[in-house]
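Visitor: Now for the letters of each chain:
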Amino acid sequence: MIDVNRQGEVWIFAEAEGGKLSDVPLELLGKGRELADILSVPLGAVLPGDGVADLAETLFAHGADRVYLAEHPMLAHYQAATYSKVICKLIETHKPQICLYGATPIGRDLAPTVASTMKCGLTADCTDLQIGDHTELKSKEHHEKLLLQIRPAFGGNIIATIVNPRRWPQMATVREGVMKMPEPQAGLTGELIRCEVSLDGFQAPLEIIETHRREKKVNLKAARIIVAGGAGVGSRDNFRLIWDLANCLGAAVGGSRAAVDLGFVENDHQVGQTGTTVRPALYIACGISGAVQHRAGMDESAKIVVINTDPDAPIFSVAHYGIVGDLNDVIPRMIKAIRGGEHIQDLAKAAQA
Amino acid sequence: MGYNCVVCAKQVPDTKQITGDAMKEDGTVNRGALPTIFNPEDLNALEEALAIRDAHGGTVTVLTMGPPAACDLLRESLFRGADRGILITDRRAAASDTLATSYILACAVRKLEPDIVLCGRQAIDGDTAQVGPQLAEKLGFPVVTYLEQLQSLEDDVIRVKRNVGNGWEVVSCKLPVLLTVMETANTPRPRAARRMMKYKKALAPLELADADAGQLDTLKEKGLLLEAWTLDDIGAEMAWCGVDGSPTKVHRIQSVVLTGGEYHELPPTDEGVAELIGELIEEHTIG
Ligand SMILES: Cc1cc2nc3c(=O)[nH]c(=O)nc-3n(C[C@H](O)[C@H](O)[C@H](O)COP(=O)(O)OP(=O)(O)OC[C@H]3O[C@@H](n4cnc5c(N)ncnc54)[C@H](O)[C@@H]3O)c2cc1C
Ligand SMILES: Nc1ncnc2c1ncn2[C@@H]1O[C@H](COP(=O)(O)O)[C@@H](O)[C@H]1O
Numbered sequence: 013m014i015d016v017n018r019q020g021e022v023w024i025f026a027e028a029e030g031g032k033l034s035d036v037p038l039e040l041l042g043k044g045r046e047l048a049d050i051l052s053v054p055l056g057a058v059l060p061g062d063g064v065a066d067l068a069e070t071l072f073a074h075g076a077d078r079v080y081l082a083e084h085p086m087l088a089h090y091q092a093a094t095y096s097k098v099i100c101k102l103i104e105t106h107k108p109q110i111c112l113y114g115a116t117p118i119g120r121d122l123a124p125t126v127a128s129t130m131k132c133g134l135t136a137d138c139t140d141l142q143i144g145d146h147t148e149l150k151s152k153e154h155h156e157k158l159l160l161q162i163r164p165a166f167g168g169n170i171i172a173t174i175v176n177p178r179r180w181p182q183m184a185t186v187r188e189g190v191m192k193m194p195e196p197q198a199g200l201t202g203e204l205i206r207c208e209v210s211l212d213g214f215q216a217p218l219e220i221i222e223t224h225r226r227e228k229k230v231n232l233k234a235a236r237i238i239v240a241g242g243a244g245v246g247s248r249d250n251f252r253l254i255w256d257l258a259n260c261l262g263a264a265v266g267g268s269r270a271a272v273d274l275g276f277v278e279n280d281h282q283v284g285q286t287g288t289t290v291r292p293a294l295y296i297a298c299g300i301s302g303a304v305q306h307r308a309g310m311d312e313s314a315k316i317v318v319i320n321t322d323p324d325a326p327i328f329s330v331a332h333y334g335i336v337g338d339l340n341d342v343i344p345r346m347i348k349a350i351r352g353g354e355h356i357q358d359l360a361k362a363a364q365a
Numbered sequence: 649m650g651y652n653c654v655v656c657a658k659q660v661p662d663t664k665q666i667t668g669d670a671m672k673e674d675g676t677v678n679r680g681a682l683p684t685i686f687n688p689e690d691l692n693a694l695e696e697a698l699a700i701r702d703a704h705g706g707t708v709t710v711l712t713m714g715p716p717a718a719c720d721l722l723r724e725s726l727f728r729g730a731d732r733g734i735l736i737t738d739r740r741a742a743a744s745d746t747l748a749t750s751y752i753l754a755c756a757v758r759k760l761e762p763d764i765v766l767c768g769r770q771a772i773d774g775d776t777a778q779v780g781p782q783l784a785e786k787l788g789f790p791v792v793t794y795l796e797q798l799q800s801l802e803d804d805v806i807r808v809k810r811n812v813g814n815g816w817e818v819v820s821c822k823l824p825v826l827l828t829v830m831e832t833a834n835t836p837r838p839r840a841a842r843r844m845m846k847y848k849k850a851l852a853p854l855e856l857a858d859a860d861a862g863q864l865d866t867l868k869e870k871g872l873l874l875e876a877w878t879l880d881d882i883g884a885e886m887a888w889c890g891v892d893g894s895p896t897k898v899h900r901i902q903s904v905v906l907t908g909g910e911y912h913e914l915p916p917t918d919e920g921v922a923e924l925i926g927e928l929i930e931e932h933t934i935g
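Top to bottom, those sequences are chains Y and X.
The numbering of the first sequence is this note's numbering, which starts it at 13 and goes up by one.
The numbering of the second sequence is this note's numbering, which starts it at 649 and goes up by one.
No wet-lab data here; the hints were simulated from the structure.
Derived lysine to aspartate or glutamate pairs resembling DMTMM-like cross-links, with alpha carbons at most 25 Å apart:
id, chain 1, residue 1, chain 2, residue 2
1, Y, 228, X, 796
2, X, 822, Y, 212
3, X, 759, X, 865
4, Y, 348, X, 927
5, X, 897, Y, 145
6, Y, 315, Y, 140
Given the sequences, and given the hints that come with them, work out the whole structure.
Guide: The following block contains the structure:
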């Protein structure tokens, strides 16, 4: 536990498993920059690992003012005991006011361990972070400029805003894809701080015997257009329709969890709270009812087109364009219309007239 | 060599069944209107523990913190094969966040001196997945999250395959250890009919209208006594429990309201589809 420290920095955990930065820490830098600017404090990135010094450049380019580099052979592979030991030490020394982690398998293992050691609060899977004031209900004590940690709860039926007024640092995890990644700026630099790591003689409890990592096959986050299918598609064979529409739009294919569970499409394609959060220019939802957990992962798409036989399906609540109809009938018409190319604008005009 | 396993399990509202009625006017959840269930992944944790006992001997104790109604979860555990059920129930534990919950569970687990503690990966009411790692830290046990397969258990060394999202790894470590178990690790065994016949009569003292010592002894003799512990029984310090022990506070709760129907509806005809595609091209969304 550290004292409330108004000058404390905003920190993000720079997860670099396998010697590479994933997208999450860079996304966190975007949000972190915003928060640090409101608080008028520096933005720091904590980078544990072995031989990862080169990654500091990328962190600076995405907005970090300082990189706390903690290198040690024992940090080459992540494990909760070693990483939390190093991070807790840094927190005690530098007393940051906010620490953000990606809600990745590593972040969700590390952050609770750190929170338990520091006896501070932790809010999981935030979908937004803001700075704001809070008055305690009982004592009426007023706290200025706290981290407002906003997250869905109860299966997405409520949105809760959580604060940690007293026991700092204020910590939260954020799911991949939820925050926008800032554009890297080549000119940006910052201060590289090499931290002393005292792990000599420490016995790491886990022996890591084998590791197998596979690259994600689909990158939904980078897709400009996503065509997504749900249980309403009916079968894996019929999912061909979704692939066909996606192909003729140059789009990626997404799926609801029901579609994944039914084996229509692989789980890399899942959109939603427990899948990928996406915000493409266009999201076409076919045969998806729009459960809260699904909407949470796609409702920030710039344009949403819905095709569903049920006019009362909740997915229509986030739609910009909606067609109440059978996808087996509508999708072939769409493919025809898109392939139709030139004529289409005329047809459209005719329809509007 | 047998292993003493403690399974931490939580009774949770069935978030899939949440309808309008479950939300109160002020945006808070009307817990009374929700059916409660055994947190799904805690059933996987229980199954993993039962499998360890079946293979190596030892005991399986299920520990839950919650209101008296959580006795149902303990009976359910007995139906499925657990040896012992313990409820931690105390008004002063109400409103505990994950840090306070893990502190309280740690005080109770220590009394049980387990070799292996098993948690579900996460509970569906909050999906935080924090209590497992925090409980391990409090106990000073190593934590292995996302267990997908227990590969071996020999003497005091366990070897586990864990899911790390974009792949998997195999790790080994010495006991005692805390494991968090994924849904994909196993298929929970069903209730056993004979155990149901017997344990549906299992009761905690607080479920007896006016329990006399004799009644409690009879239950205990028959192995039908569910234990209920208070915070005093486990020596918990109040500063770390309940509201006081919880650094996180709720600032605001909003219920999610669907904003209905502000979209452009098009008919499922060639013309409708053409208009849609035409507009998307015109606004440069596609094309
Ligand atoms: C903790 C938790 C996390 C979850 N995470 C996710 C997640 O990340 N992503 C996710 O998607 N879900 C998630 N879910 C599951 C979610 O609650 C829903 O069960 C799921 O999204 C439903 O998928 P669906 O819309 O495809 O299926 P259904 O709800 O079965 O809907 C099918 C829809 O298809 C329509 N339809 C049927 N036939 C046709 C046709 N011929 N033409 C057009 N329309 C048709 C129907 O009207 C219906 O609206 C999660 C659940 C939990 C409890
Ligand atoms: N009140 C509780 N009683 C017993 N076990 C719990 C309790 N809360 C959480 N757990 C355990 O911790 C796991 C993770 O919970 P959570 O951090 O709430 O997602 C659950 O799957 C349970 O195994």
